[in-house]
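Residues in the sequence shown are numbered consecutively from 48, following the working numbering.
Worth flagging that the hints you see were computed from the coordinates, not collected in a lab. Just to be clear, a hint being listed does not mean it is correct.
Here are the simulated BS3-like pairs of lysine-lysine, each with C-alpha atoms no more than 25 Å apart in a straight line [as the list claims (entries may be wrong)]:
1) 97 to 70
2) 70 to 199
3) 97 to 199
4) 85 to 116
5) 97 to 73
6) 199 to 116
7) 73 to 85
8) 116 to 97
Predicted model only: the values in this text are computed from it and were never measured.
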Amino acid sequence: MDSSSTIQSIRDRYGVIVPDLQKDFKRANIHSVPRIRKIVVNVGLGRFLKDDNGMREVIDGLTAITGQKPVMRRSRKAVSGFKIREGMDVGSSVTLRGQRMWDFLNRLVHVSMPRVRDFQGIPVRAVDTHGNIHIGFRDHTIFPEIVPEHAKIIFGFQVTIVTEGLSGEEGVEFYRRLGFPLEK
C-alpha cells in the first residue's frame, strides 16, 4: 500500500489484529483464529423473469460489481403462485474468494456503504450464530463501477460474508475490529 493512501485495507488490518484475536478469543493455535472464507453476492431475478433485457442488465451489473461472471440459479420445483416452472433461472450469484474477495470487501466497506442514503451502520442482528454476516442492499448503483445515469434498471442484492471459527458474539467483535460500520 502506498504512503499517500490513508485508508488501511481490510486485509492489512486483519494481519495486524490476528495476534489480538488469538489472545482475546483464547485460541491456542494461530490457525484457529477466525478468518473470512468467502463472500457470496446474490441477486433474485423475480421481476425480470419474463424480461430478457432486464435479466441481461442484472447479469452485466453483477459482473461489473464483482469482477466475476455470475452463475444462474435455477428453481428446483414449480410454484404456480409465482409463475415459476421447474428449471427456470430465478437468481444469480457470485462466490468470491482470495484477492477478489478482499478487493470487493474494501470497496464495499470504504466506498459503497458510505454512498448508501441514510446509512446508520450494519445492524448487529445481521451477524448470525456462526459469525457470518448477511447484508441486503436495495440499490446496486452504490458501487462506483455502475454509472447511475446509464443504469436502465435498479436492482437489489444480498451480500453474505462467510467466516470460519466464530460464534455470534465473537463475530460482532471480529467485524468491529476489521472496521465494519456496525450499529452501536
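Exercise for the section: Could you grab the alpha-carbon distance between residue 97 and residue 70 and see if it respects the 25 Å cut-off? Expected result: violated, 54 Å
Handout entry: Restraint check for residue 97 with residue 199, where alpha carbons must lie at most 25 Å apart
Key = Judged against 25 Å, a Cα distance of about 16 Å means the pair holds.
Exercise for the section: Starting from residue 73, check that the Cα of residue 85 is at most 25 Å away, please. Expected result: holds, 24 Å
Handout entry: Restraint check for residue 97 with residue 73, where alpha carbons must lie at most 25 Å apart
Key = Between residue 97 and residue 73 the Cα gap is close to 53 Å, so the pair fails against 25 Å, i.e. violated.
Handout entry: Proposed proximity, residue 116 with residue 85 (alpha carbon, max 25 Å)
Key = holds, 16 Å
Exercise for the section: Decide if the proposed pair is consistent with the structure: residue 116 and residue 97, CA atoms, cutoff 25 Å inclusive. Expected result: holds, 21 Å
Handout entry: Pair hint outcome, residue 199 versus residue 116 [Cα-Cα no greater than 25 Å]
Key = holds, 20 Å
Problem - Restraint status (C-alpha distance of residue 70 to residue 199 at most 25 Å) - result: violated, 50 Å
Violation of the numbered hints given earlier is confined to hints 1, 2, 5; the remaining hints are satisfied by the structure.
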